[in-house]
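Numbered per my numbering, the sequence shown spans residues -4 to 305.
Rather than coming from a laboratory, the hints here were simulated on the basis of the structure. Any given hint could turn out to be false.
[Unchecked claim] Label-pair restraints from in silico Cβ distances:
(1) 37 <-> 74: 34 to 40 Å
(2) 100 <-> 76: 20 to 26 Å
(3) 35 <-> 182: 34 to 40 Å
(4) 213 <-> 94: 37 to 43 Å
(5) 18 <-> 74: 34 to 40 Å
(6) 183 <-> 212: 25 to 31 Å
(7) 232 <-> 39: 19 to 25 Å
(8) 119 <-> 207: 50 to 56 Å
(9) 271 <-> 183: 39 to 45 Å
(10) 94 <-> 61: 39 to 45 Å
[As the list claims (entries may be wrong)] In silico DSSO-like links for lysine-lysine, alpha-carbon gap of 30 Å or less:
(11) 210 <-> 37
(12) 55 <-> 210
(13) 37 <-> 55
(14) 55 <-> 99
None of the values given here were measured: they were computed from a predicted structure. C-beta: ideal position from N, C-alpha, C; glycine also.
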Amino acid sequence: MYDAVIIGGGAVGCAVARWLSRYRLRICLAERGEDVCVGTSKANSAICHAGFDAPIGSAKARFNVAGSRMMEALSLELDFPYRRCGALVLCFDEADIPRLEELKRRGERNGVEGLTVLDRASLRRQEPRVSPEAAAALYAPTSAIICPFGMTIALAENAAANGCEFRFDTEVRRIRREGGHFLLETNRGTLESRVVIAAAGVHGDVLHNQLCRTKLTIVPRRGEYCLLDRRDGELVQHTIFQLPSAMGKGVLVSPTVHGNLIVGPNADPVEGDDTACTAAGLAFVSAAARRSVPNIRFSESIRNFAGVRA
């Protein structure tokens, strides 16, 4: 009998495992993959967001800002790469500058520090290689970049050192209550636990709906990226966003802690675990990125691949 079983070995699951492993508890993390960090946590934008665009008063706003403030100390404690490079949200039409101002006010109410709206000249001094069409930008100095897989692995290693048990290639297929505890039926036998913590990413709704009256539906979206080599790693010094739309922050251009440049993502609805890159997706990402930073030097191979008919 475990005191707690955590389902999912991504960033959230491993962070929960590390925290609970501080106490005298019998803890298990069940992951259907062959190791921790084999899903979304290994492949994302690697941004530690400042928290300026989350809805005011939301849990996302509270956790975003608190997490941003905690991340540097965590990176030093667990020894994974972190760099506070700051972020710029570009506005390409002067008529949209009031939207930047609103984003600034929202961020300030969320507790984000140092937000400033830059005019065209100030933006150019901050980031000379952004598009000359950019009329203004919101500057968020507390935005940072990390190594997401390095962070997740470090969290898991700390939890394991503290006694947390990890079960890999273990897919939780069904959860049911029995008396005062839970039975978790997996492809490798049944686990018993007093508490279950679901951190299963896009599959979290399936597990939730087995136990809860209020049903959830998660609509998975695939994000495609281009990761460029280190010759372009210094092209920009900040994470460059475009003014958010209803679909999110849009395509970004950002340095990485490894010295590369990352560009993306799009956001296409998909069925199941479809994470394939497509010619159409890469063409969209590259075109959108060049709107922000026109002189990104995509390699000949990427240009050829993006031009192939899907």
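Structure-based check of each hint:
Between residue 37 and residue 74 the Cβ separation comes to about 18 Å, which falls outside the hinted range of 34 to 40 Å. For residue 100 and residue 76, the hinted distance range of 20 to 26 Å is not satisfied, since their beta carbons lie about 32 Å from each other. Range check, residue 35 to residue 182: Cβ separation about 21 Å, and the 34 to 40 Å hint is violated. Against the hinted window of 37 to 43 Å, the Cβ-Cβ separation of residue 213 and residue 94 comes to about 29 Å, which falls outside the hint.
Range check, residue 18 to residue 74: about 23 Å between beta-carbon atoms, so the 34 to 40 Å window is missed. The supplied range of 25 to 31 Å is met by residue 183 and residue 212, whose beta-carbon atoms lie about 28 Å from each other. For the pair residue 232 and residue 39, the supplied restraint of 19 to 25 Å holds, since their beta-carbon distance comes to about 21 Å. The hinted window of 50 to 56 Å between residue 119 and residue 207 holds, with their beta carbons roughly 52 Å apart.
For residue 271 paired with residue 183, a C-beta distance near 28 Å fails the hint of 39 to 45 Å. Take residue 94 and residue 61: their Cβ atoms lie about 26 Å apart, and the range 39 to 45 Å is violated. For the proposed pair residue 210 and residue 37, the alpha carbon gap of about 28 Å is at most 30 Å, so the pair holds. As the CA atoms of residue 55 and residue 210 are separated by approximately 20 Å, the hinted pair is consistent with the 30 Å bound.
Note on residue 37 and residue 55: the hinted pairing holds, with a Cα-Cα distance of about 21 Å set against a maximum of 30 Å. A C-alpha spacing of about 17 Å is found between residue 55 and residue 99, which places the hinted pair at or below 30 Å, so the restraint holds.
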